[in-house]
Amino acid sequence: MTALSRPDPVLPELVIDDDDWFRLLSAPGPGHEEALRRLHQLLLRAARHQVTRMQARLGPVGSVRVDDIVHQAADEAMVSLLGKLSTFEGRSRFTTWAYKFGILQASVEVNRHLWRHRDVPLHELTEPSASDPTPEQVSEAAELSTAVRRAIAQALTPHQRTVAIALLVDEVPIDVLAERLGTTRNALYKTLHDARVRLRRELDLRGYDLPMPRREQDR
Amino acid sequence: MSAADRDLSPEAVQRLTLDAEPWLSCDDCFEKIDEYVEQLLGGSRTLIPAMRAHLRGCGACRDEAESLVLLVAVDRGVDPEPALRELRR
Chain A
20 MTALSRPDPV LPELVIDDDD WFRLLSAPGP GHEEALRRLH QLLLRAARHQ
70 VTRMQARLGP VGSVRVDDIV HQAADEAMVS LLGKLSTFEG RSRFTTWAYK
120 FGILQASVEV NRHLWRHRDV PLHELTEPSA SDPTPEQVSE AAELSTAVRR
170 AIAQALTPHQ RTVAIALLVD EVPIDVLAER LGTTRNALYK TLHDARVRLR
220 RELDLRGYDL PMPRREQDR
Chain B
2 MSAADRDLSP EAVQRLTLDA EPWLSCDDCF EKIDEYVEQL LGGSRTLIPA
52 MRAHLRGCGA CRDEAESLVL LVAVDRGVDP EPALRELRR
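Those protein sequences? They're chains A and B, same order as listed. According to the numbering used here, the first sequence holds residues 20 to 238 in order. According to the numbering used here, the second sequence holds residues 2 to 90 in order.
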């Protein structure tokens, strides 16, 4: 049996109410240590769940290494969650709130493991030459692809090009790219968002009718 | 053909040009994702537009949201598929 196929830790039957979670975890006292132990179980469950979902990407990894990843993620998530405990406002159940920390950290740990020996490609696309096929000679999809390459070359800053191509063409995980560039997921997504806005504006100016997402009022 | 000269796949073109407005940061998405997932699993029809846009534009946050949907659905004994379909819209 591999670590990935092991069942999740069984949670004790005693249920801790959301108000009690906050109270018990906030300060030392009766029930504090037990609440910490139960919280770690929740985070282990969430981390193993996410690692299992990413199993196909992990490939042949030994059960010991998988357990290391799960426990490392749960431990990191525990620190992160306890540091933000005061921000829990009860807008969801406490368990749902806690799970997200375990899932996020497990995702980061798996991607870090997958890319630990890989170079992150940081290159640009060349602008299509003037002798590229005319729109009449290529399909509509290929024409749009050429137009997007041209817009990337002409409308984006060098940093926006690097980030957009790494994330959306080479499909480098955003947390891996953030680590390599010494920045954050938040900052990279802002760069990506701004790049998309510029690309859409450039393509619109060139007469391309990009699909719009369905708005709330259309649903 | 060097890496820089290659054509963009239709999927890459779609990812590069999708509309992810209104703006929402990954940190703000993380802050709200537990509440949003519970709304999805509860069949809410009044979802936050900026969350929907962010999850459309950020593959990492969307993957983690799907994971949270699946985990919470198991706890509650509910079908996650309607919520997953809504996330992938």
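Treat the hints as calculated values from the structure; they're not laboratory data. Model, not experiment: these values are computed from the prediction. Misleading hints may appear alongside valid ones.
[What the hints assert, rightly or not] Just some of the chain B residues that point at chain A, by a computed CB distance under 8 angstroms: (1) 14; (2) 26; (3) 27; (4) 28; (5) 79; (6) 82.
[To be verified] A few chain A residues facing chain B, derived, Cβ under 10 angstroms: (7) 42; (8) 111; (9) 193.
[Stated by the list, open to error] Below 27 angstroms or equal to it, Euclidean Cα-Cα: the simulated DSS-like pairs (lysine-lysine) are: (10) 209/A with 103/A; (11) 33/B with 103/A; (12) 33/B with 209/A.
All residues carry an ideal CB built from backbone N, CA and C; glycine is no exception.
Going through the hints against the structure:
The beta carbon of residue 14/B is positioned within 8 angstroms of a beta carbon in chain A (closest approach about 5 angstroms), and the interface hint is therefore held. For the restraint placing residue 26/B at the interface with chain A, the shortest Cβ-Cβ distance is roughly 5 angstroms, inside the 8 angstroms limit, so the hint holds. Annotation: residue 27/B was flagged as interfacial toward chain A, and the flag holds, the nearest CB pair being 5 angstroms apart, inside 8 angstroms. Using the Cβ-Cβ criterion of 8 angstroms, the hint placing residue 28/B at the interface with chain A is satisfied: the shortest such distance is roughly 5 angstroms.
Residue-level restraint check for residue 79/B is violated (minimum Cβ-Cβ distance to chain A is 13 angstroms; threshold 8 angstroms). A distance limit of 8 angstroms between C-beta atoms decides the matter here; for residue 82/B the minimum to chain A is near 16 angstroms, and the interface restraint is violated. Look at residue 42/A: its Cβ only gets to about 19 angstroms from chain B, farther than 10 angstroms, so that hint breaks. The closest approach between the C-beta of residue 111/A and any C-beta of chain B is roughly 4 angstroms, which is under the 10 angstroms cut-off, so the hint is satisfied.
At a threshold of 10 angstroms, the smallest CB-CB gap from residue 193/A to chain B is about 5 angstroms, leaving the interface hint in force. Pair hint residue 209/A plus residue 103/A holds up; C-alpha atoms about 23 angstroms apart against a cutoff of 27 angstroms. With a CA separation close to 13 angstroms, the supplied pair residue 33/B and residue 103/A stays within the 27 angstroms bound. With a C-alpha separation of about 18 angstroms, the suggested pairing of residue 33/B with residue 209/A holds against the 27 angstroms cut-off.
In this structure, the hints that do not hold are numbers 5, 6 and 7, in rising order.
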